[in-house]
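Chemist: Take the sequences, apply the hints, and build the full model.
Spelled out from the first residue to the last, the chains are:
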Amino acid sequence: MKKKVFVLIGCALFFFLPLIFAQESAPAEFFLRDTPNNAGEQVELTFRPLASPEEVPEFLLNITIGEKPVRVRRLVNAGKPVILPLITHQAGVPVKVEVQGVLPDGSLTDLGAVDVVSKGEWLNMNSMKAFILGLLFIGLIIFYVGRAKRGQDLFIRKIPGLEAIDDALGRATEMGRPVFYIPGTSSMADVATLASLNILRPVARQVAKYETPFSVPVKDPIVVSVAQDVVKEAYMAAGRPDLYEDGIAYLASMGQFDYSGAVSGSMVREKPATVFLLGMFYAESLILAETANSVGAIQIAGTDASSQLPFFIAACDYTLIGEELYAASAYMSREPLLLGTLKAQDILKGILLVIFVLAVIFQLLGVDFIMDSFLNPQW
Amino acid sequence: MKRTLPLFLAFFFGIIGIIVQMVPALKGLMDTMLDWMAIIAAFALAVGISSLTRHHMTKIRRKHKDIFFSYVTFIAMFFMTIIGLVGYFRPEGALQGLFENMYNYVRVPLDASMFALLAFYITSAAYRAFRARTWLATVLLLAGVIVMIGRVAFGPFIIFNDITAWIMKVPTTAAMRAVNVGIGLGIVATSIKIVLGIERSYLGGGE
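Chains as they are written, first to last, in my numbering: chain A, 1 to 379; chain B, 1 to 207.
These aren't lab readings, by the way, just hints derived from the structure by calculation. From the three backbone atoms N, C-alpha and C, an ideal C-beta is built for every residue, glycine too. You may find that some hints are simply not true.
With a Cα cut of at most 30 Å, we get these calculated DSS-like pairs of lysine-lysine [said to hold, decoys possible]:
| # | chain 1 | residue 1 | chain 2 | residue 2 |
| --- | --- | --- | --- | --- |
| 1 | B | 2 | A | 271 |
| 2 | A | 209 | B | 2 |
| 3 | A | 149 | A | 349 |
| 4 | A | 232 | B | 2 |
| 5 | B | 65 | A | 232 |
| 6 | A | 129 | A | 349 |
| 7 | B | 2 | A | 149 |
| 8 | B | 27 | A | 209 |
| 9 | A | 209 | B | 59 |
| 10 | B | 169 | A | 80 |
| 11 | B | 169 | A | 209 |
| 12 | B | 59 | A | 349 |
| 13 | B | 65 | A | 119 |
| 14 | B | 27 | A | 129 |
| 15 | A | 96 | B | 63 |
| 16 | A | 271 | B | 169 |
| 17 | A | 129 | B | 169 |
Partial list, derived from the structure: chain A residues whose beta carbon lies under 7 Å from chain B [as the list claims (entries may be wrong)]:
| # | residue |
| --- | --- |
| 18 | 114 |
| 19 | 117 |
| 20 | 121 |
| 21 | 243 |
| 22 | 244 |
| 23 | 247 |
| 24 | 287 |
| 25 | 290 |
| 26 | 345 |
| 27 | 347 |
Modeler: Rendered as structure tokens:
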């Protein structure tokens, strides 16, 4: 008897409990959270509409950030979740969002409110993998620099564009025509400009040795003063300070096409035998390369602007593709310190290549381990 | 000192740059450093004008064969500077309008004309690149022709549109990504070399 009563109560609970606790589902679910890995300058609202657009066509978000007045934002119900960043500018700012649903007849229904206080973090975990990779890279550099210092031979493949520099300078000397060196059209903040100035030194030294006329038209005023220093030191290192003058490196113009006009004009008038186009270039790359070609100059070009590389490859005699521009300084100087970094770079590239291949294989097998562990920046 | 101080500054601000990327709470410091860059850029304008003036003055002094262009540069520079400054302080006068007209109807069209030259340069560069002298140039020629037809494909040629899409999406993207990975590593390596003081050619000397 007792057993039958328990069974009856059990059945009753099974059928009636869902009815007792059944609630009408809310038209939307939303929550507010502090955006991780920042200085507290942003929080984000995740909003997921549950009602169909026919039931609730729009939502109104009444957003209060700190002491600022309430801002109303209208959100059309597209049936998809939305993540809305809200800028607080600093940590410790309270943010409150009150949500209302707009019904088809235009009336409003309150859906509740959420709030959060923005807070800053001490560590950006999204940068942690890049940081670890950076440490690995520095470790590799130290290892290979040590090997190079001990006199071990480090194999570096031939780069035709850099091998051709001596011949190109020799040609200009024999023809008695000037050499033009264009260190890109970007500022010192661009690493490609720094890489170009690193190549300028050995080129200028060789030019000074051969007593060839030299011209370095520059677009950025800060690059002008650095280029002047580099050329001056190179002429002194070559033992020809008498040939140096400040006018070798000069500001041609600060506008993009003004610069290309000025340099193209100089090329047409002075007819250089060799033109170096090394650094960061934009749309002016082809104007400069084609003008150099039209005056019969050998062009050695190099850039890390992947959109300009095809133009250089089509128009120039030699092109340093991407990383070759950065390797040039080590390649030309053969200093152990620089060669060590070049070797470390190659090893890291090899490691990345292995990871890419493994990621492709594992992804094809449906395993996300490599992608998540190595290629996803988030920790 | 001439070399030590710049090396120390490169190391110090390089390390600060890395730390700022790691510690979001120091973002304000990064903003301040970017403000400094704007101030330095403003001073650099004076350096630039000085360099330009000296270059052309030297040409005029030496009676260079292209002296005419140096005169044109000086006349244009002083003319625009004077009417720009006077027009700024006396906006009710005619000079401000003249300055705007010179900018909008002389400088901007000249700029656009230089940009327009690209169309002709692309043609001449493509002609040289597409000469099928080697098998690699032949492949380039074929790919180029297919992409060009694919961009304007219609009727029975619409198949070229799909082939173009595949060329751009698969082999081109793969090659560009490989180049970009190399570029990324090159940038990191050069930055580390500069921060650690291994690379110092940009300071004028390797020693």
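Chemist: It remains to establish, for every hint, whether it holds in the given structure.
Modeler: Hint check:
1. B:2 to A:271: violated (37 Å)
2. A:209 to B:2: holds (25 Å)
3. A:149 to A:349: holds (22 Å)
4. A:232 to B:2: holds (14 Å)
5. B:65 to A:232: holds (25 Å)
6. A:129 to A:349: holds (16 Å)
7. B:2 to A:149: holds (26 Å)
8. B:27 to A:209: Given that 30 Å is the threshold and the Cα spacing comes to 48 Å, the pair is violated.
9. A:209 to B:59: holds (24 Å)
10. B:169 to A:80: Given that 30 Å is the threshold and the Cα spacing comes to 29 Å, the pair holds.
11. B:169 to A:209: violated (49 Å)
12. B:59 to A:349: The given pair, whose Cα atoms are some 49 Å apart, is violated under the 30 Å limit.
13. B:65 to A:119: violated (66 Å)
14. B:27 to A:129: Roughly 19 Å between the alpha carbons, so the hint for residue 27 (chain B) and residue 129 (chain A) holds.
15. A:96 to B:63: violated (73 Å)
16. A:271 to B:169: violated (41 Å)
17. A:129 to B:169: holds (29 Å)
18. 114: Residue 114 (chain A) check fails; min Cβ-Cβ to chain B is 23 Å, beyond 7 Å.
19. 117: Hint violated; residue 117 (chain A) Cβ to chain B Cβ min 16 Å, cut 7 Å.
20. 121: holds (6 Å)
21. 243: violated (15 Å)
22. 244: violated (12 Å)
23. 247: This hint holds: residue 247 (chain A) lies near chain B, its Cβ roughly 5 Å from the closest one there, short of 7 Å.
24. 287: At 6 Å from the nearest chain B Cβ, residue 287 (chain A) passes the 7 Å test, so the hint holds.
25. 290: holds (4 Å)
26. 345: holds (5 Å)
27. 347: Hint on residue 347 (chain A): violated, closest Cβ of chain B at ~10 Å, above 7 Å.
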